[in-house]
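Residue numbers (my numbering), protein chains in the order written: chain L, 1 to 163; chain R, 1001 to 1479.
Hints are not guaranteed to be accurate.
[Said to hold, decoys possible] Listed next, the stretches of chain R that the computed footprint assigns to chain L, with coverage defined by at least 3 CB atoms under 8 Å from CB atoms of chain L:
(1) 1064-1073
(2) 1112-1126
(3) 1146-1157
[Stated by the list, open to error] Computed list of lysine to any residue pairs in SDA-like fashion (alpha-carbon distance at most 20 Å, straight line):
(4) L/Lys130 with R/Ser1066
(5) R/Lys1063 with L/Leu131
(6) L/Lys135 with R/Ser1066
(7) R/Lys1365 with R/Arg1425
(8) R/Lys1035 with R/Arg1443
(9) R/Lys1153 with R/Asp1231
(10) L/Lys159 with R/Asn1103
(11) R/Lys1160 with L/Ala154
(12) R/Lys1437 with R/Val1369
(13) L/Lys135 with R/Gly1067
(14) L/Lys159 with R/Val1027
(15) R/Lys1063 with L/Phe140
[Said to hold, decoys possible] So the derived list for chain L, only partly shown, Cβ under 10 Å to chain R, looks like this:
(16) Phe107
(17) Tyr136
(18) Pro139
(19) Glu141
(20) Val142
(21) Ile145
(22) Leu148
(23) Ala150
(24) Ala153
(25) Arg161
Read the hints as simulated data drawn from the structure, not as lab findings.
Note that beta-carbon positions come from the ideal geometry of N, C-alpha and C, so glycine has one too.
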Amino acid sequence: MEKFFFLMFAITALCSGLAVVTLRNPVHSAVSLMLCLVQVAALFVLLRSPFVAVAQVFIYVGAVMVLFLFVVLILDIKKAAIETFPPVKRRFVGGVIAVLGIELLAFIFASPFGTAPADAAETTTESIGKLLFTKYLFPFEVVSIILLAALVAAVIMAKERQR
Amino acid sequence: MFFSAADIFAVLPEMVISGMACLLLLVDLAVPQRKKGLVALLSVISVLAAAFLTFSLTGVDTKAFSGTFVLDDYSAFFKLIFYIVTVFTIFISLRYLKTEEINMGEYYVLMLFSLSGMMVMASGGDLLTIYLGLELTALPIYALVGFLQHDRKSNEAAMKYVILGAFSSAILLYGISLIYGTAGTTDLAAIAEAIRSGKAGGTLFVVGIIMLVAGFGFKIAGFPFHMWAPDAYEGAPTPITAFMSAGPKAAAFAAIMRVFLEALYPAYGSWELAIAAVAVGSMVVGNITAIMQTSLKRMLAYSSIGHAGYALLGVVAGTEEGIAGVMFYMLVYTFMNLGIFAMIIMMRRDGANGDQISHWAGFAKSNKVAALVMLVFLFSLAGIPPTAGFMAKFYVFMALIHKGMIGLAVVAALMSAVAAYFYIRVVMLMYMREPEKEFSLVRSWGIYCVLAVALAAVVVLGIYPDYFVSLANRAAFSL
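Chain L on its own, in the form it takes in the complex (with noise of 0.2 Å):
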């Protein structure tokens, strides 16, 4: 049974990933990455990892892919749609992506995780939410203040100043 998920979330993950880098409407790739990165949340899910997968959903689906559309709609869409990259440069990009995706295989490959999983209890929302308030109460604390700083750093830079 979780063969039969796996395989289903993994190629349809693989066909809108793939779907992304072919379609040629700007707003059609950002959407087959959205569904693209919602497959790898479900196969968050199956690796008993249901934090990991919300995360997953809240940050790239949520944040940065409503982010990637706003520019796509804001930009000129039709302009950015028939431009492609010349020849050359496309072998050169083709190339360095080529090199990038042999180096992540052999890293993937030689690396000592694939052999040691994670202890699962670890990874539960509940056990990281102990976590954040017991061991990691201080940081947690920290990125609070964070939070509030970056906020006041946006609206003093966003802000109309009368001079």
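Got chain L; can you put chain R on it based on the hints?
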């Protein structure tokens, strides 16, 4: 209970600073535009209160909040530096903000937030805490660099600083994640234990260490990660340039020494060369590029890259003497750097400013006292005895020589000779040239206070450094 009253007491200074920052945001609403000096005064008072608390917490060596926060004399020494930087910056800002018409209370609030971040960095006992402290330090400074909203250069500087800052944070975090992945912990003491027991090691661990070197290299503006510094220093409001060249740099050094000399000390062999390379590169590139600058602020930016290189030598030495040397260096650097920036701000009046080196031509003819003060700061930055700058370099070099790294010490001494050229060029301009125009200096008691204290410190620390050196020696954590 996972924390006790003792934990709360340990972070009292941080609580005072961040709490007052929040409170001042509200107070600022009620303060009319012309009286923003009140917010500055309250900021100074809260820094003094935090300094008092830090003083009463000295002499203890303890960990709070399950090891994520360390309270020891080492962090207290660095916090002392941060307090000095903040109070000095507030004093030299008072008049500047009025001249530039950016007299806003949030300026001081952001500075307090940044100060609390530096304090967290110096006290971080966990890679997570150190990273968060770093972000809390940097975020308000991004906004402060771009505070001159109608100035293109200020905007450009803020933009560059934000993007490169985010980039360096990402690299640092990647390094931290690799170290967490291999060592299984982010706690500094536990990482050292994992290396000793042979649990942590291997290629991925070393890649993590290299990324930490790169990430911290960005934060101290060391070569080859220094590209952002000259633009950010030049575009930022001058008091903020002074602030960011002294405060966050000292904080980054506090964190570097904790991470590399406490957590990663058992793996000394795998990072020694990387840090030595950054140190030598910073000294060579910083000092040689500084020669070609026409803007005084840019020249000081490159000089600060060079100074980061000298200070890194103390880390390379990897001895307790080296740690004390870096601590003393940061203290001295704070005084001489804030002093020289106070001089630049004094020149800023109704359109005229001292940003360009050529503006200083013939300065000594009409302003004998001010030129003499400038001369002392420049000599100190160049490292000419009997100023404090010489003693600072001396202790770091001694740590290197005692460790047997004569070659590095020779390179550093050679680069000091190069550095002397561009500092003394300014002195020559001041004394040998005829003035092109009248100088009208800003009269501000805030600047006078900073100049007097910084001058006294540079002279006293140069002639009689024993007290502060022994203080640094006692405060340095043992390896």
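Evaluated hints:
With 5 residues carrying a beta carbon less than 8 Å from a beta carbon of chain L, the segment 1064-1073 of chain R meets the three-residue requirement, and the given coverage holds. Given a C-beta distance limit of less than 8 Å, the hint that chain L covers the segment 1112-1126 of chain R holds, as 6 residues qualify and 3 suffice. For the segment 1146-1157 of chain R, the proposed coverage by chain L is satisfied: 4 residues have a C-beta within less than 8 Å of a C-beta in that chain, meeting the threshold of three. Restraint check: the Cα-Cα separation between L/Lys130 and R/Ser1066 comes to about 14 Å, which is no more than 20 Å; the hinted pair holds.
This hinted pair checks out: R/Lys1063 and L/Leu131 have alpha carbons roughly 18 Å apart, not beyond 20 Å. Under the criterion of a C-alpha separation no larger than 20 Å, the hint pairing L/Lys135 with R/Ser1066 is consistent with the structure, at around 6 Å. Between R/Lys1365 and R/Arg1425 the alpha-carbon distance is near 16 Å, which keeps this suggested pair within the 20 Å criterion. Under the criterion of a C-alpha separation no larger than 20 Å, the hint pairing R/Lys1035 with R/Arg1443 is consistent with the structure, at around 18 Å.
With a CA separation close to 8 Å, the supplied pair R/Lys1153 and R/Asp1231 stays within the 20 Å bound. At most 20 Å may separate the alpha-carbon atoms for a hinted pair to count; L/Lys159 and R/Asn1103 meet this at roughly 14 Å. The hinted pair formed by R/Lys1160 and L/Ala154 meets the criterion: a straight-line CA distance of about 16 Å does not exceed 20 Å. Proposed proximity of R/Lys1437 and R/Val1369 is supported: the alpha carbons are some 18 Å apart, at most 20 Å.
Among the hinted pairs, L/Lys135 with R/Gly1067 is consistent with the structure: their alpha-carbon atoms are about 8 Å apart, no more than 20 Å. With a CA separation close to 19 Å, the supplied pair L/Lys159 and R/Val1027 stays within the 20 Å bound. With a C-alpha separation of about 17 Å, the suggested pairing of R/Lys1063 with L/Phe140 holds against the 20 Å cut-off. Taken as an interface hint, L/Phe107 checks out: its beta carbon lies about 8 Å from the nearest beta carbon of chain R, inside 10 Å.
Taking 10 Å as the C-beta cut-off, the interface hint given for L/Tyr136 holds, the closest approach to chain R being about 7 Å. Against a cut-off of 10 Å between C-beta atoms, the interface hint on L/Pro139 holds, since the closest Cβ of chain R lies about 5 Å away. Below 10 Å, beta-carbon pairs count as interface contacts, and L/Glu141 has one with chain R at about 9 Å; its hint therefore holds. The beta carbon of L/Val142 comes within 4 Å of a beta carbon in chain R, closer than 10 Å, and the hint placing it at the interface holds.
About 5 Å separates the beta-carbon of L/Ile145 from the nearest beta-carbon of chain R, less than 10 Å, and the hint is met. Using the Cβ-Cβ criterion of 10 Å, the hint placing L/Leu148 at the interface with chain R is satisfied: the shortest such distance is roughly 7 Å. Below 10 Å, beta-carbon pairs count as interface contacts, and L/Ala150 has one with chain R at about 5 Å; its hint therefore holds. Given hint, L/Ala153 at the interface with chain R, holds; its Cβ is 3 Å from that chain's nearest Cβ, closer than 10 Å.
Here the hint on L/Arg161 is kept, as its CB sits about 6 Å from the closest CB of chain R, short of 10 Å.
Of the numbered hints given earlier, the model fails none.
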